[in-house]
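S.K.: Starting from the two chains in their separate frames, assemble the complex, guided by the hints.
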Amino acid sequence: MFHKALTYSPITLIRAPKIHTDLLWDLVVLFIALSVLYFISVFYFRNKLSKASKKLKEKKTEFSPIVSEFLFYDETDSKEEKSNYINLKIQIRELLKDKYNRKVLTDVLLDLRKDVSGQTQINLFELYKNLELHKDAYIKLKSWKWQIVTSGILELTKMQVSESYSFLIKFINDKRPTIRKHAEIAVVTLDNRGISYFLDTTKYRISEWQQLKLLDVLRNKENFEIPKFKLWLTSKNKHVVLFALRLIKYYNQNDARKSLIPLIKHKSNQIKQEAINCIEEFYVEEAMDTLKLVFWKSSEDVKMSILSAIATIGTESDLDFLVEIEQRVRSFAVRSKAISTINEIAPETILPSEHIEKDIAFENTIPDIIAHEDAPEISISDQLQQKLEEKNAAEGVEKIEEPEVEESNSVEIVENKIETEDKSDNVDDVLVQRETVEDLDSTWITEQKDVVEPEKEQGIESSIEIEGENALEESVDQDKILQNIEVVAESITQNQEQMDISKEQEETKEELEISLDFLPFVIEPQEEKNVSEAQVITEEENIEGDKALDLSFLPLVVANIENPKTHSVSEVPTQQQDNIMPKPESPIDFMELDFLPLVEEHKEIVKEEIATQQVDNLFDFIPKPHQISDEESEKLLLLADIEEFGDAREIPLLDEYLANEKSPFLIERIEEIMEEIVKRTPIVISEKKEESIEDSSLVRGFISEIFANQDVESQLILLNEIAIVGDEKEAAFLRTLIKETSEAEVIEKAKEALAIIKGRLEIEPSDVILNEESETLQEALLADEMEEETHPMFDVNFELSPNTEDVDITLKTEKKTNNKSSSFGNQLSEISKRIKDILNG
Amino acid sequence: MLNKKILLADDDELFASLLIFRLKKAGFQVTHVTDGKQAKEYLVDNLPDIVVFDIMMPYFSGIELIDHVRNEIKSNIPIIIVSSAGNEENVLNALEMGANDFMSKPVSPSELLVRVTRELKKM
Chain A
1 MFHKALTYSP ITLIRAPKIH TDLLWDLVVL FIALSVLYFI SVFYFRNKLS
51 KASKKLKEKK TEFSPIVSEF LFYDETDSKE EKSNYINLKI QIRELLKDKY
101 NRKVLTDVLL DLRKDVSGQT QINLFELYKN LELHKDAYIK LKSWKWQIVT
151 SGILELTKMQ VSESYSFLIK FINDKRPTIR KHAEIAVVTL DNRGISYFLD
201 TTKYRISEWQ QLKLLDVLRN KENFEIPKFK LWLTSKNKHV VLFALRLIKY
251 YNQNDARKSL IPLIKHKSNQ IKQEAINCIE EFYVEEAMDT LKLVFWKSSE
301 DVKMSILSAI ATIGTESDLD FLVEIEQRVR SFAVRSKAIS TINEIAPETI
351 LPSEHIEKDI AFENTIPDII AHEDAPEISI SDQLQQKLEE KNAAEGVEKI
401 EEPEVEESNS VEIVENKIET EDKSDNVDDV LVQRETVEDL DSTWITEQKD
451 VVEPEKEQGI ESSIEIEGEN ALEESVDQDK ILQNIEVVAE SITQNQEQMD
501 ISKEQEETKE ELEISLDFLP FVIEPQEEKN VSEAQVITEE ENIEGDKALD
551 LSFLPLVVAN IENPKTHSVS EVPTQQQDNI MPKPESPIDF MELDFLPLVE
601 EHKEIVKEEI ATQQVDNLFD FIPKPHQISD EESEKLLLLA DIEEFGDARE
651 IPLLDEYLAN EKSPFLIERI EEIMEEIVKR TPIVISEKKE ESIEDSSLVR
701 GFISEIFANQ DVESQLILLN EIAIVGDEKE AAFLRTLIKE TSEAEVIEKA
751 KEALAIIKGR LEIEPSDVIL NEESETLQEA LLADEMEEET HPMFDVNFEL
801 SPNTEDVDIT LKTEKKTNNK SSSFGNQLSE ISKRIKDILN G
Chain B
1001 MLNKKILLAD DDELFASLLI FRLKKAGFQV THVTDGKQAK EYLVDNLPDI
1051 VVFDIMMPYF SGIELIDHVR NEIKSNIPII IVSSAGNEEN VLNALEMGAN
1101 DFMSKPVSPS ELLVRVTREL KKM
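Note that the protein sequences, when read in sequence, are chains A and B. Mapping of the first sequence onto our numbering: residues 1 to 841, in sequence order. Mapping of the second sequence onto our numbering: residues 1001 to 1123, in sequence order.
Excised from the complex, chain B in its bound form (with noise of 0.2 Å):
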């Protein structure tokens, strides 16, 4: 799992930085973006080995980036929506647009590890 790509899409820096810290300690490589915008941007050019959203961001939501990727990008890159807005509509939403997991906060970094390490074993 050493040098997997994570794009981690958050708008909740003192949330996100803990699960930077916590991958990054496992040994992924994690690339932050806090809105919708920046990670499409930032996947016009890279393409990380997983992607976690949360699904409330300026500009894009969660949603429309697994739209992005899975109809524009055509990828099939494992991803991982991580959101507090975790009603059953936007879990089956987002399972159905292409999503491969859904966590709702408050969320267990340990965990979000597990299920990210899972995923990419999927690969």
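So here's chain A without its partners, still in its complex pose (with noise of 0.2 Å):
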């Protein structure tokens, strides 16, 4: 009880305020009476407008007839018809006396007025007048109440009451725009002058619509002659100018030419542009040099206008002007105005080049087409500057060199030169270079394009075969053997490394000239050296004798420069006789073509052949393009890793590969490959174990790292392996450990260790032949370990393959060092792993 209290003691506070009884039944009363009071003046006033509406309607009824007859009336009717018009006269004379049925006239009036024409609605008209109507009208234009005036201006205007028309032109300045607006279709509609009065006096605005209704207005007047609006061009009023404007353009007053001119330097852009249209509409060529004067201080919609009045007038000699526009302006709707305006004024002068693509992407679906270089883009200048050229070449007009310099507001001039840079190197090096654009006003900049060799772009990819082996005839003579060399299709595929190798090259071949002319080739015998390139030349060009050529063009480009000994393959005969023919005793020129297998198929032959054959047959020698499939060029670039990189422990791989290749010349390259593993392995293996003897100090420490994060327990059993496997590197290892453990049992059990490992040291391994440059002792003591004890512990996973046999006994011990030395590692790891499992059961 005493927590429900406190749970709604809040509430408590909240109390409903005292109301009287007598109050609410006040306001009850109250609400009544004044729901019964609205509802009383809603029907009250509803019956009254019904009422009046009613009486509106019979008064029209009552109206109707006598309109009609009034209408209708014609003299030619009969004297019944006649007598009974005289009667309705006096009626409705009567009738109009009170002013209700006035207003029921002038409405009846006014309705009948929108739905009959012609005679019916001319004679209406006379009956208003007739029947003095407009006087009600009259009367209203003196109400002080805008809305009262603007209905008898209304009325007057509806009726075609002419004789308002002074009464009415004093609202053409008045101060409330309503009857202004409808002052002004007044005086327009009730008089011919009333145009002429009106843009001579109204001072406001006139508005858009304004100006419709008031052309409209215009349009429907009868026997009206139009007056000359250029009069009104001179008005202070600019919305009369801008009026005025449009009126001449609609009624075609071409006799406003010079009056439109000053216009276009008119303050309001209104006007200009409408002025600029008036010009355009008129062939107003005088106007030319003020169009282009106000130009360049215009709006966007004014430059727009003068644009497209340039492209209606303007002449072959405003394109300078244009293509200034082009250049300058930044807006780009003026400057695809521009454009549109060059071309209309020059049919096709600019022609398309956006989102074109360049002609190179499709050169190399031509293959019988090298292309050198891209052709520049043009610039407008160049296309206009190129198109007037034609155009004058083709109407004989001689040809006006343009000064290479030209002031301000003339046309940019850009040039484009294009360089070749060293033109003796290779292909490749050609670099097309444009030249900065710059603008004489140095204000805008319009193009600065470095022009990149497309070539470049897409990785040089060209093709090339080399036909007319046929070619050589004993008797003919050196150059026309050489141009019956043909060339007929390039492909050159270019990586990063082949870059770096042509680099290499080069500076070891100083005097190696390249032609940009790839046709028949000629190379002369220089000093044995690397040759990576071949030199190709135009027939028609002279080939100079020191000249060797670049063949890097030729297919599959897998180099190995490393050792040029080992891939010197052919000689290369030159042009002239003398140096044609190789001396025996001199050193032969050879091409560095280790990219070509099939050269190095035929490398013997080609020695002894060189020294036997005349220079007829030097020819010959020239490798064949060979066609090498993706998969065998996988293969050759393998190799050629393997080459490189590889050690004996490829041999079982390069086996494998020999066993199971069919392409002679693939086979070819892996026996070579093998041999030169073979021929290089003591080098190897006497790095390896210096690099093995360096790493002992890091062998340690991964041991004593293992060791010490080992218990007691365990360091007894890793001691216990060590003494079995340790060499002296373990020993090191121990003596360290007996001078810096505390643990006595652990001390005890690595001076056994280091015992048996010195034990074992001591003794002299006889039943190894070794090399004496390559192993040491403890190698061979673990080398025989290994393949005696096989040790469950050192489970080396190397397989060496049966067809090894034939390898010398110095391989056999590489292959021992190598299993030695790559798996001393796991074999430490694997002892932490069996100590592991020891200690886990």
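Worth double-checking, as some hints may not be accurate.
Said to hold, decoys possible - Take a look, some chain B residues computed to stay more than 12 Å from chain A by CB distance: (1) Q1038; (2) K1040; (3) E1064; (4) K1122.
Said to hold, decoys possible - Here are some, though not all, of the chain B residues that point toward chain A, as calculated from beta-carbon distances under 7 Å: (5) L1014; (6) F1015; (7) S1017; (8) L1018; (9) F1021; (10) K1105; (11) P1106; (12) S1108; (13) P1109.
No lab work stands behind these hints, which were simulated from the structure alone. Ideal Cβ placement from N, Cα and C applies to all residues, glycine included.
M.R.: Here you go:
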């Protein structure tokens, strides 16, 4: 209960106010009374309005036959109808004495006016005047209420009361816009002089809508002589000027040509634009200079109008101005309009250039064409100049060379200079550069593009086939031979590696020069050196004897430049007879064509034949291009890697390749690599040995780390294992351990292990023949243990192929050494694993 | 043309009275109705020589009345449409439904008289 009271204690503070019952009743009565009053008033006014409407309808029904009688009265009617007409006149005079009847009759006539036309309508207007209903409208004009004045003006206008013109003109400059606008329409409608008066006197703004309504009135006026609207081009009211310009354009009043030109400089953009439209409409060629003058300070809309006008009335002499606009104006719309204007004046001067693929994109599809460089992009001014030159040439006009530099306000001169750098270099090095385009006004830079040689962008791909091996004949001189070698197509797949190789080779072959024209090639005999590139020269060009040729465009470049001696393949003859014949005692020129397996296939043959054959046969040794499939290409790349980085461990892999390979030149290549590896094995082994010795400290550190992380029991087990497999590195570790550790058991065990290792190291191995330079005593011991004991702890998965039996004993030792060295880290990790296994049961 | 019966259906009584006056003066017997319903009711018992319809009327439009005359009564009496809704769509629709003529307001009563007379002569 207490809690409940606490819970609801705040609510108890809220109490409903005491309202007296009498007050409530009073309010109820009040609201009921107000409701009744509201409904009564609604009914009252509704009835009143309906009565008024009914009365109006009755009145209209009463007046309609009278009006009809008046409207269709004819002098030829019968006497009875005439007498009836006279009676109606008397009757209506009496009726019109009542103000309400006058109002109803006015409404009737206004309603009928919109439904009838022709003579009936004219009769209606006459009836309105005859009944002197327009006087009521005049009275309305005197009202201080703008809506009544407006209704009076409207009534007089609709009923064509031309006599009211003089009363209405004073409302043209009325302060109240509604009255003013109705007065303007009334003045223009009721009198032919109204438009002139209005344009002369109006001081206020003429809205667009009002202009349209006035124009509609003017269009529908009959027997109306249109005034010369150029008279109002001098008006101080700019709206009058604007309206006059539009009327001039609408009524084609082209006698206002001179008046239009100054208006181009008008402050108002609307007037400026309208004047330009008129100039365009009436072909006012005299305005061209003014148009150009005002262009730069005009708004974008006006600029567009000016360009439109120039497109209509401009000539080719204006093209420079348009080009300048295209280059200097930032607005996209104006620039586009300028371009379209140029093409309108001189059709197809500017051709589509945006989003157009360059020619090189299509040249690759043409096998017989080798594109050296892409055509430079032609600017608009260049296109224009070209077009004008063509036209002048067609017209027989002498070409007038323009000065190289023009002053401001002239068209920019865009110079395209294509520089070919180092023509004697490789084709890849041909650079096409485009000079920066500078604007003489130092304001705008229109174009600043470096034209990169498209071949470089696309990774330089082309293909080449050299044909013409049969073109060499014995009795043909060297030039003819060279000319008969035909270059059909080119295919260069050049990657970064090849480019690097080329650079290295360039350093060693400074005398090599490269011709940009690659057709027949001539190779001179040189001192033995690497030749990874072939030279190609044109048929027409005489080749100097000193020039060697760059054959880098030959297919499949898999270069290994580290050992040039092993890859020098073929001797290269030259053009000159003396140099062509190689001297047996002199060093033979070899081209480094290791990327051409087909050439290597004939390596030995080439060496023999070069010494014996004559000049005419030398070209037989020019390597045939060999079509290599993608798969073969990949294999060759792999073999190159093996050759470069591999050692004797790759022999089994190579054997496997050799067994599975069917391609003769790949077999040749594999055998060559195997031979190469075998030759350099001792060096590798010695290097490996040094590395292993250097790494001994690391191994020791590794053992120490493992050892330190174990408990005493594990350390003891580990020491047992070290005693079994350890050598002098472990001995050093054990000595350190004995000095540093505090555990007596560990020290004792370490001493035992050290003694075992020492005893084992003192044993001289006799059953293994080792290369004195390549093997140390410790390695031999370990190798012996590896072969004979085959301790399960050292289960190294390094399988040797049975095909390696024919490899000499040096290779065998190499394998053993590799097995040992490569598995030593694994052995250590295996030891720790085994210790853990033992501990884990 | 005397005593020719004309049915005039138009809700604009002022304009209708003007036309009635003009047509009566020309000797026609004119019956005026102010909506489509009255027009249909009149046509049940009477068949005028010519009808003049407005398009926009209460209950039934002038187009519906044309359809009623052509397809339900199956009468070939001349039908003239007089309407302020003289746009192309209404004109074509009325003529396709079977109207003989179409006049847009404002209309000259004298011109209407001529057209009515011409249509009656075609009969």
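S.K.: Now tell me if each hint is right for this structure.
M.R.: Taking the hints in turn, this is what the structure says about them:
| no. | hint | result |
| --- | --- | --- |
| 1 | Q1038 | 17 Å, holds |
| 2 | K1040 | 24 Å, holds |
| 3 | E1064 | 23 Å, holds |
| 4 | K1122 | 24 Å, holds |
| 5 | L1014 | 5 Å, holds |
| 6 | F1015 | 4 Å, holds |
| 7 | S1017 | 4 Å, holds |
| 8 | L1018 | 5 Å, holds |
| 9 | F1021 | 4 Å, holds |
| 10 | K1105 | 5 Å, holds |
| 11 | P1106 | 4 Å, holds |
| 12 | S1108 | 3 Å, holds |
| 13 | P1109 | 6 Å, holds |
In this structure, none of the earlier numbered hints is contradicted; all agree with it.
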